[in-house]
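J.: Sequence:
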Amino acid sequence: MKRRTQKRLSRALVAAAALGPDARVIALLRAGADPDARDPEGTTALYAAAVRGAPDSVRRLLAHGADPDAESGGPTDGTPLCAAASWGETETVRALLAHGADPGLREDGGSGLSPLEWARRGNHEEAAGILLRATRDAPTGDRSNG
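Using the numbering used here, read the sequence shown as starting at 1 and increasing by one per residue.
Since the hints were derived computationally from the structure, they do not count as laboratory data. Computed from a prediction, not measured in an experiment: that's the story for all the values here. Glycine residues also receive a C-beta, built at the ideal position from the N, C-alpha and C atoms. Among the hints, erroneous ones may be present.
Lysine to aspartate or glutamate pairs mimicking DMTMM-like chemistry, simulated, CA-CA at most 20 Å apart [unchecked claim]:
| id | residue 1 | residue 2 |
| --- | --- | --- |
| 1 | Lys7 | Asp67 |
| 2 | Lys7 | Glu41 |
| 3 | Lys2 | Asp56 |
| 4 | Lys7 | Asp36 |
Cβ-Cβ distance ranges computed for the label pairs, FRET-style [claimed, not checked]:
| id | residue 1 | residue 2 | range |
| --- | --- | --- | --- |
| 5 | Asp36 | Gly129 | 27 to 35 Å |
| 6 | Arg3 | Asp137 | 36 to 44 Å |
| 7 | Leu132 | Lys2 | 40 to 48 Å |
| 8 | Asn123 | Arg4 | 33 to 41 Å |
| 9 | Ala70 | Pro21 | 20 to 28 Å |
| 10 | Glu125 | Thr5 | 24 to 32 Å |
| 11 | Lys2 | Asn123 | 45 to 53 Å |
Please work from the sequences and hints to get the whole structure.
T.: Structure representation (structure tokens):
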């Protein structure tokens, strides 16, 4: 695939992940869009789908090889799991954890908070409970946030 076509598909993928519909995300992935695509600000498609609370898009991106722990590069962005936790998107939290997202991974470029801390700040008790169990069960990661 030509680099220019790949770039166009990848930009469209981030936009579709942010705005929907899920069918557009699937079509772009099938057409060859990079699942780790970033927009000009550095936001990843997976982060955008996590913010939108789109577990189907999240699962598709992960199935196509998106890095579950890739931190977005925008000034207010972080990890997909932190995004889902901060909005209380429990199904998206579950999807990310099922595909290997590290529940103890703190944001580097943003707040420095963990997914569990984000869920607690937003009073998202169900998401916090899922993350607390995942953090306790995780073989690695920072467990000081429980």
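J.: Please work out if Lys7 and Glu41 have their alpha carbons no farther apart than 20 Å.
T.: holds, 14 Å
J.: Evaluate the given range 27 to 35 Å for the C-beta pair formed by Asp36 and Gly129.
T.: For Gly129 against Asp36, whose Cβ atoms are near 30 Å apart, the range 27 to 35 Å holds.
J.: Hinted pair, alpha-carbon criterion (20 Å max): Lys7, Asp67. Please report holds or violated.
T.: Since the Cα atoms of Lys7 and Asp67 sit roughly 18 Å apart, the hinted pair holds (cutoff 20 Å).
J.: Should the hint that Leu132 and Lys2 are 40 to 48 Å apart at their CB atoms be regarded as holding?
T.: holds, 47 Å
J.: Taking the Cβ atom of Asn123 and the Cβ atom of Arg4, is their distance within the range 33 to 41 Å?
T.: 46 Å Cβ-Cβ, so the 33 to 41 Å window is violated.
J.: Could you see if the CB distance from Ala70 to Pro21 stays within 20 to 28 Å?
T.: holds, 23 Å
J.: When you check the alpha-carbon spacing of Lys2 and Asp56, does it fall within 20 Å?
T.: Violated, because 28 Å separates the two Cα atoms, which is more than 20 Å.
J.: Kindly confirm whether 45 to 53 Å is satisfied by the beta carbon distance between Lys2 and Asn123.
T.: holds, 48 Å
J.: Range hint 36 to 44 Å: satisfied by the CB atoms of Arg3 and Asp137?
T.: At roughly 42 Å between Cβ atoms, Asp137 and Arg3 fall inside 36 to 44 Å, so the hint holds.
J.: Has the hinted range 24 to 32 Å been met by the Cβ atoms of Glu125 and Thr5?
T.: With a Cβ separation near 45 Å, Glu125 and Thr5 fall outside 24 to 32 Å, so the hint is violated.
J.: Taken at face value, is the distance from the CA of Asp36 to the CA of Lys7 at most 20 Å?
T.: holds, 12 Å
The earlier numbered hints that this structure contradicts are 3, 8, 10.
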